[in-house]
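Chains as they are written, first to last, in this note's numbering: chain A, 1 to 217; chain B, 1001 to 1491.
Since the hints were derived computationally from the structure, they do not count as laboratory data.
Errors might be hidden in some of the hints.
What the hints assert, rightly or not - Derived lysine to any residue pairs resembling SDA-like cross-links, with alpha carbons at most 25 Å apart:
id: 1; chain 1: A; residue 1: Lys-138; chain 2: B; residue 2: Val-1301
id: 2; chain 1: B; residue 1: Lys-1342; chain 2: A; residue 2: Lys-138
id: 3; chain 1: A; residue 1: Lys-80; chain 2: B; residue 2: Phe-1417
id: 4; chain 1: B; residue 1: Lys-1342; chain 2: A; residue 2: Met-53
id: 5; chain 1: A; residue 1: Lys-80; chain 2: B; residue 2: Ala-1294
id: 6; chain 1: A; residue 1: Lys-80; chain 2: B; residue 2: Glu-1065
id: 7; chain 1: A; residue 1: Lys-138; chain 2: B; residue 2: Met-1354
id: 8; chain 1: A; residue 1: Lys-80; chain 2: B; residue 2: Asp-1254
id: 9; chain 1: A; residue 1: Lys-138; chain 2: B; residue 2: Arg-1298
id: 10; chain 1: A; residue 1: Lys-80; chain 2: B; residue 2: Ala-1292
id: 11; chain 1: A; residue 1: Lys-80; chain 2: B; residue 2: Asp-1312
id: 12; chain 1: A; residue 1: Lys-80; chain 2: B; residue 2: Val-1301
id: 13; chain 1: A; residue 1: Lys-80; chain 2: B; residue 2: Ala-1333
id: 14; chain 1: A; residue 1: Lys-80; chain 2: B; residue 2: Gly-1467
id: 15; chain 1: B; residue 1: Lys-1342; chain 2: B; residue 2: Leu-1237
id: 16; chain 1: A; residue 1: Lys-80; chain 2: B; residue 2: Arg-1298
id: 17; chain 1: B; residue 1: Lys-1395; chain 2: B; residue 2: Arg-1298
id: 18; chain 1: A; residue 1: Lys-138; chain 2: B; residue 2: Ala-1275
id: 19; chain 1: B; residue 1: Lys-1161; chain 2: B; residue 2: Asn-1151
id: 20; chain 1: B; residue 1: Lys-1205; chain 2: B; residue 2: Leu-1237
id: 21; chain 1: A; residue 1: Lys-80; chain 2: B; residue 2: Lys-1395
From a predicted model like this one, the values you see are computed outputs, not experimental measurements.
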Amino acid sequence: MRILVVEDQPDLQRLLRACLEDEGYAVDTAGDGEAGLAKGLVWPYDVIVLDLMLPKLDGISLLERLRERRSTPVLILSAKDALPDRVRGLDSGADDYLTKPFERAELLAQIRAIIRRVAGQSQSTFRAGAVSVDLRSKTVSVDDALIALTSREFSVLEYLITHQGRVVSREELLDHLSDEHDESNSNSLEVFISNIRRKVGATLIETRRGFGYVIPK
Amino acid sequence: MSSPNNTTASAWSLARTLAWSHVSLATLTVIGLAVAMLWGQYRGTIRQVESELFGAAEAMRQSLEAGVDPEDLSIPDSFFHRFGRAPRDQAYWVLWSPEAAPIAWGGRLPENTTVSDLRPFPLSPKPKGPRPFQSERDGRTIELMVEAGDNRLMIARPMAKEFDALGSLGLRLLGGILVSISVAALIAIWVSKRIATPISDLAAKTRDLTHDRLNERLDANQSTSEMNELASGFNSLLENLERAFERQKQFTADAAHELRTPVSVVLAQSEHCLARTRSEEDYRAGFETTRATAIHMRQLVQDLLDLARMDDGRLPLQLEPVDLAMVGNEAVAMMSPVAAEKSITINVESSPVMVRGDQLRLRQIFLNLLGNAVQYSDRGTRVSVVIANDGDMSKMTIRDEGIGMSETEQSLVWNRFHRVDAARTVTAEANQRDQSTVSSGAGLGLSLVAELVRLQAGRIEMVSALGVGTSITVVFSRNAVDPTTNPGAVC
């Protein structure tokens, strides 16, 4: 999962990135509204965490302009806690509104909730055959036996299982797994896939040659 | 339960007091008038009858002097001109010898009375005043006696009719009094209600007033002009209160808002460090961030406190002769490293300028203005500081080549928590880096400067144009520097 953080306070920006990277998300950051909008329009983020009081372009305008072309889920994270601000933020197209100062646990829970909603599921555990993936505890189990996956392996599996039944191309997978500074070899994707197959079973992820990968329903 | 009487249990209500005073005034007036009228009527009647009787007595005395035999005397009719025939018929007379023996008598003596029952009453040696007779009232009869030679002549008549008339007049007056008092009472109740009701309304409104109902107003269309004044005075009081409350609320909301971001940083930083074991450098960086943020919050709190103190007039100022140039150079020295990070040079042009002020607060003014100049300027530009005397004035000018301000912004910039449009600041990083050295960076700096300058009897001139830069001049009057006054004075 790839997340864009638009926040002008540098300490907070750095901490948000650290917090989200700890959870295994790929994180891009923007320090002002214009950079945020540009990145939001270019990359297919899974979630955008958006501050409202931003230099150059305020958060609400950014959101409105983003919504003209993209439906990327947006979580507003703002110091403005008055009801009219929250209503306006949500009406402008935000999926959720969190006020500063925020709790790390709540921020992460809201991001997970957004990811679940996009996947069309209400529980944090996703199942495919004997395999179940828990987005909350970041664990994978086969027939109730826990399987140890690396963070990147989990990210690949997380993306595929939240898009279960849909063929995901290599490019799409790479876009959602690496941030803008990530220069790891795209061949490593095959390594992750084969590692996952070895650990949880070869039949879970199917390869559609020329198209990509899919976890069938 | 709160009724208006609760607060005035022992005191009379205004309405009651007004009504009572009104009614007692009316009662006293009416009774006084009635008593005066009755008394006057009574005296008038007595005088009238006395003059009738005296006239008759004089005529009879003259007849005696003219030699008429007492036996032939009678009361001349012509002196009785009131109340028809009755007094004439019921009048009687007696002529006594000096030894008080009746010589002659006539008329109709009172019932069951013979002439021997009647006695002349003693005449005082000298008749008083202009009245050459003496009279006595015996019950409802009036007797008048004159001297006729050595004899004494008494003539008398009953007063029943007159007294009856006076009595019925008294009764009618009493009726009139009762009616007028009742009417007066009704008017009093009406008037006092009219006066007192708006006052109780006002009192009720005042009592029920709470901070969330400050937008309510009294009807300024009251029955009396005094109440109108009271109502409009009360309304303007409410308006002022509402405005002050609104300002206070806004200030608190703004202050809370400004604290949210640093608190978020501290919270996020500590949660980051606690989430799992980190490297030593990570922990160190975490503490540094937390410390810098705490310093920022300390400055914010200090600024808020200063503003609150100035609002209360409790900010102590150590006013003494100070060299503005020295303070300015100190401030520039403190700010130069920050400016150097953005490759901004600060040029100072100064000559010794003595003003009367608080050295620390003057430095605070300089630091805030310099901080703003640096914060809103592009890399590689210049900031110039000029400190000099100009006639009667001492001036310090700080000019930058920064982003400048529109006229609208220029009028807003002195407001608390106003910040030049965040979208136009040069870079977010520069904005943040300067925050710990300049004031709070929360838009309090310039409002603080304005207050501090005002407290030191100075004024501020600002020239600014978008894209060109901003020049702010602080002007102190040189007359304010008076070395003879106590330099340690606290303002």
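Quick rundown of the hints versus the structure:
1. Of the supplied pair hints, the one linking Lys-138 (chain A) and Val-1301 (chain B) is violated, its CA atoms being roughly 42 Å apart against a limit of 25 Å.
2. Only pairs whose Cα atoms come within 25 Å are accepted, and Lys-1342 (chain B) paired with Lys-138 (chain A) is rejected, the gap being roughly 44 Å.
3. Taking the CA atoms of Lys-80 (chain A) and Phe-1417 (chain B), the gap is about 14 Å. The hint holds against a cut of 25 Å.
4. Restraint check for Lys-1342 (chain B) and Met-53 (chain A): the C-alpha separation of about 24 Å stays at or below 25 Å, so the hint holds.
5. This hinted pair checks out: Lys-80 (chain A) and Ala-1294 (chain B) have alpha carbons roughly 21 Å apart, not beyond 25 Å.
6. The suggested pairing of Lys-80 (chain A) with Glu-1065 (chain B) is violated, with an alpha-carbon distance near 126 Å, which exceeds 25 Å.
7. A hinted pair counts as satisfied when its Cα atoms are at most 25 Å apart, and Lys-138 (chain A) with Met-1354 (chain B) does not qualify at roughly 70 Å.
8. Among the hinted pairs, Lys-80 (chain A) with Asp-1254 (chain B) is consistent with the structure: their alpha-carbon atoms are about 10 Å apart, no more than 25 Å.
9. With a C-alpha separation of about 40 Å, the suggested pair Lys-138 (chain A) and Arg-1298 (chain B) falls outside the 25 Å cut-off, and the hint is violated.
10. Note on Lys-80 (chain A) and Ala-1292 (chain B): the hinted pairing holds, with a Cα-Cα distance of about 23 Å set against a maximum of 25 Å.
11. Between Lys-80 (chain A) and Asp-1312 (chain B), the direct Cα distance comes to roughly 29 Å. Violation of the 25 Å bound is thereby established for this hinted pair.
12. For the hint linking Lys-80 (chain A) to Val-1301 (chain B), the alpha-carbon distance of about 19 Å falls within 25 Å, and the restraint holds.
13. Under the criterion of a C-alpha separation no larger than 25 Å, the hint pairing Lys-80 (chain A) with Ala-1333 (chain B) is inconsistent with the structure, at around 37 Å.
14. Distance restraint check for Lys-80 (chain A) and Gly-1467 (chain B): the Cα-Cα separation of roughly 30 Å exceeds the 25 Å cut-off, and the hinted pair is therefore not satisfied.
15. Note on Lys-1342 (chain B) and Leu-1237 (chain B): the hinted pairing is violated, with a Cα-Cα distance of about 51 Å set against a maximum of 25 Å.
16. Between Lys-80 (chain A) and Arg-1298 (chain B), the direct Cα distance comes to roughly 21 Å. Compliance with the 25 Å bound is thereby established for this hinted pair.
17. A threshold of 25 Å between alpha carbons decides the hint, and for Lys-1395 (chain B) with Arg-1298 (chain B) the separation of about 31 Å lies outside it, so the pair is violated.
18. Taken as a hint, the Lys-138 (chain A) and Ala-1275 (chain B) pair is honoured in the structure, with Cα atoms around 15 Å apart against an allowance of 25 Å.
19. Using a Cα cut-off of 25 Å, the hinted pair Lys-1161 (chain B) and Asn-1151 (chain B) is violated, with the two alpha carbons roughly 31 Å apart.
20. Using a Cα cut-off of 25 Å, the hinted pair Lys-1205 (chain B) and Leu-1237 (chain B) holds, with the two alpha carbons roughly 13 Å apart.
21. The suggested pairing of Lys-80 (chain A) with Lys-1395 (chain B) is violated, with an alpha-carbon distance near 40 Å, which exceeds 25 Å.
Checked against the numbered hints above, the structure violates hints 1, 2, 6, 7, 9, 11, 13, 14, 15, 17, 19 and 21; every other hint is satisfied.
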